[in-house]
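Undergrad: The hints should help you fit chain B onto chain A, whose structure is shown.
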Amino acid sequence: MTPNRILWLVVKLAAAAAMAAAGYAIFFIAPDEQTMHDIQRIFYIHVASAWTAGVAFLIVALAGVLYLVKRQPRFDWLGIAAAETGVAFTSVVLITGPIWAKPIWGIWWTWDARLTLTFVLWLMYIAYLLLRSLIEDPQRRSVLCAVYGIFAFADVPLVYMSIRWWRTQHPQPVIGGGQGSGLDPTMWKVLLFTWAAVSLLFALMIRQRYRLESARYQTEVLRQELEDRKEAPAAPSRA
Amino acid sequence: MATRSQLVRESGVTSAPAAAAPLWRGAWAIFAKEVRTEFRTRELLTTTAVFALMVVFLFSFSFDPSREESRRFGPGLLWIAILFAGTLMLEPSFLREQANETLSALRLAPIQPCAILLGKTMANFLFLTITEALLLPAFAVFYDVRLWPVLPGVLLALALGTLGIVVPGTIFAAITAHARMREMLLPLLLFPVLISVLIPGTEATAALLADPPEWPSLWLKLLAGADVIYLVAAYLLFDSVLEE
Chain A
1 MTPNRILWLV VKLAAAAAMA AAGYAIFFIA PDEQTMHDIQ RIFYIHVASA
51 WTAGVAFLIV ALAGVLYLVK RQPRFDWLGI AAAETGVAFT SVVLITGPIW
101 AKPIWGIWWT WDARLTLTFV LWLMYIAYLL LRSLIEDPQR RSVLCAVYGI
151 FAFADVPLVY MSIRWWRTQH PQPVIGGGQG SGLDPTMWKV LLFTWAAVSL
201 LFALMIRQRY RLESARYQTE VLRQELEDRK EAPAAPSRA
Chain B
1 MATRSQLVRE SGVTSAPAAA APLWRGAWAI FAKEVRTEFR TRELLTTTAV
51 FALMVVFLFS FSFDPSREES RRFGPGLLWI AILFAGTLML EPSFLREQAN
101 ETLSALRLAP IQPCAILLGK TMANFLFLTI TEALLLPAFA VFYDVRLWPV
151 LPGVLLALAL GTLGIVVPGT IFAAITAHAR MREMLLPLLL FPVLISVLIP
201 GTEATAALLA DPPEWPSLWL KLLAGADVIY LVAAYLLFDS VLEE
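Going line by line, the protein sequences match chains A and B.
Using this note's numbering, the first residue of the first sequence is number 1, and each one after it goes up by one.
Using this note's numbering, the first residue of the second sequence is number 1, and each one after it goes up by one.
It is possible that part of the hints are untrue.
Computed spacing ranges between beta-carbons, pair by pair [to be verified]:
1. Ala88/A with Asp64/B: 26 to 32 Å
2. Ala88/A with Asp239/B: 43 to 49 Å
3. Met54/B with Gln72/A: 29 to 35 Å
4. Ser104/B with Trp8/A: 45 to 51 Å
5. Trp215/B with Trp188/A: 40 to 46 Å
Hints in this document: simulated from the structure, not taken from any laboratory.
Ideal Cβ positions, reconstructed from N, Cα and C, are used throughout, including at glycine.
Pulled out of the complex, with its shape left as it was, chain B reads as follows:
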């Protein structure tokens, strides 16, 4: 597979990557394409949302929690469900491109390679957020959690945690797309790394749902710190991930 610059040279087109569209325009185009593809079938969202609900549902059988216990287990259960759903959802984001070799086409497009990853990350963020929006009310109902008074804090923790899941997740999905057994491999790569999102996310939610609620500033800061480090690492490494 020739690199982009080689192809550009061979095709006689003289527009160098300098003519590439600005990063945000390219990322937005990729994001719009991902969202359009998904909302034509909605298959990814449907399966992931049902799966996440199933996890929440099954947990109640294996623990049979009382009201007090569900306050103790609930936050962890919520984050495990999100983590599982996220992993499930991240796999197709690069696998979908393989069927018709469309990733090569994207690479040839006059956008920066960073925009591909950024657009896909944004799309994954949106999809996981939608899943969480469906999961959260179900969780509150099944486990008798009073969500309403602490909703802003929970939403903040979820938003920070979701970013922390999708940034490494999208990079790792791009990595495993080239491997055998990729469906198994992605969670294996992702879960140990995401301990740094799972623990602060769970603890922040637990503090908010405690009686009386506490503001988990330490855990939220840790989540934000994880997001920053992941974004920087992703920014530095994305070029290598996408090269041919």
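For reference, chain A alone in the conformation it holds in the complex:
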């Protein structure tokens, strides 16, 4: 094993340990919530995933800008890696949310501003992934996905404002608890620790996906080269 691989193995083990520790902290260190009791504990994973997904979509937009400016394939790989991981974490948010909401609100879903925005984001980046899978030409795929990633991210504040004003025009459901103004200090610490653990996991997932995309790209380049040689056998390929 090369030192580099040992280093990454250590990072992976650290991520696994951090996730396990976060699980322990959530169930045994975080204090019991007065009204919601144990169901509130899902909050740590829920919020940490939501923050991570936000970071992921920011990375998609930044990678898109960098790709359009520098035209290096690695920014494209970063973009797809972040988009896919972001969709995964948004899915976690959308699944854990209703599990909490059903016993607390009495309903699985409500068209509250933040819920709606999360759902729209999820749809947007699923569309991004679909777009990626449906364009054949690699170069063009990178450019067009970068454009869509930037456009979608620029649209997020607009979507958020319309949804917020839309909702405040109507009677709002009573939001029980959640992160109000006062979160218990221990709860804050557990939340931040969980977020750190999830971020580490996120970084590893991005790296994995990035390497997969890079390998895919190199395979494609090699295949192209092979085909070019087959098509032009007369050309002095040995030169």
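TA: Below, chain B without anything else, positioned relative to chain A:
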């Protein structure tokens, strides 16, 4: 596919893009070409207008609204019909160029690439506005909406919303023109992004049609803001969309 500058170099023509016509002249030429092509057959306008009418018509079966209810559902229905019609109409704007590779020809023309997108956006704006002009009276009649007193406000909301639909719509049509399953893909890309037009558009129309009518300055500002952001984003990104 060689880039434009390569082709220019190879062909020995020394007129660099500096000699390109001014933006508005180029955009106007593209706009005139789009309009001419469309009005020779009118097939796009006909199908889209009929489709939009059909949506408005079908909604009345699925909701069977009373007068009060139609005031509540009406605005949303109108905007959904416009959004669907717009998506349907935007698809061919770049697809039409594919049959004979005419997009490459446009790219070779001595105009700025921005002019291609701008001209097509203007044409799409006109087509969607015409569809809305046909849809609005039908909507008012079917759903017993008193449109006349608040017409200026409704028209303003429609104009701002239409711009907000066609600017990202034209860019996304250019994007999906290169993809498989493009007919399905365009709405998937467009609808989530256009929530920021659908909500303010619907709310503005609802406020205007309420009894008594209110002036929806907040929603109109939001629509205008969306238009500005889309135009800026389109201006910054169009070059990448059209490159080969």
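Undergrad: Hint by hint, note whether the structure agrees.
TA: Results of checking the hints against the structure:
Distance hint check: the CB atoms of alanine 88/A and aspartate 64/B are about 42 Å apart, inconsistent with the given range 26 to 32 Å. The supplied range of 43 to 49 Å is broken by alanine 88/A and aspartate 239/B, whose beta-carbon atoms lie about 33 Å from each other. Remark: the range hint 29 to 35 Å for methionine 54/B to glutamine 72/A is contradicted by a beta-carbon distance near 48 Å. For serine 104/B paired with tryptophan 8/A, a C-beta distance near 46 Å keeps the hint of 45 to 51 Å intact.
Distance hint for tryptophan 215/B and tryptophan 188/A: a CB-CB separation of about 45 Å, consistent with the stated range 40 to 46 Å.
Going through the hint list in order, the structure does not satisfy hints 1, 2, 3.
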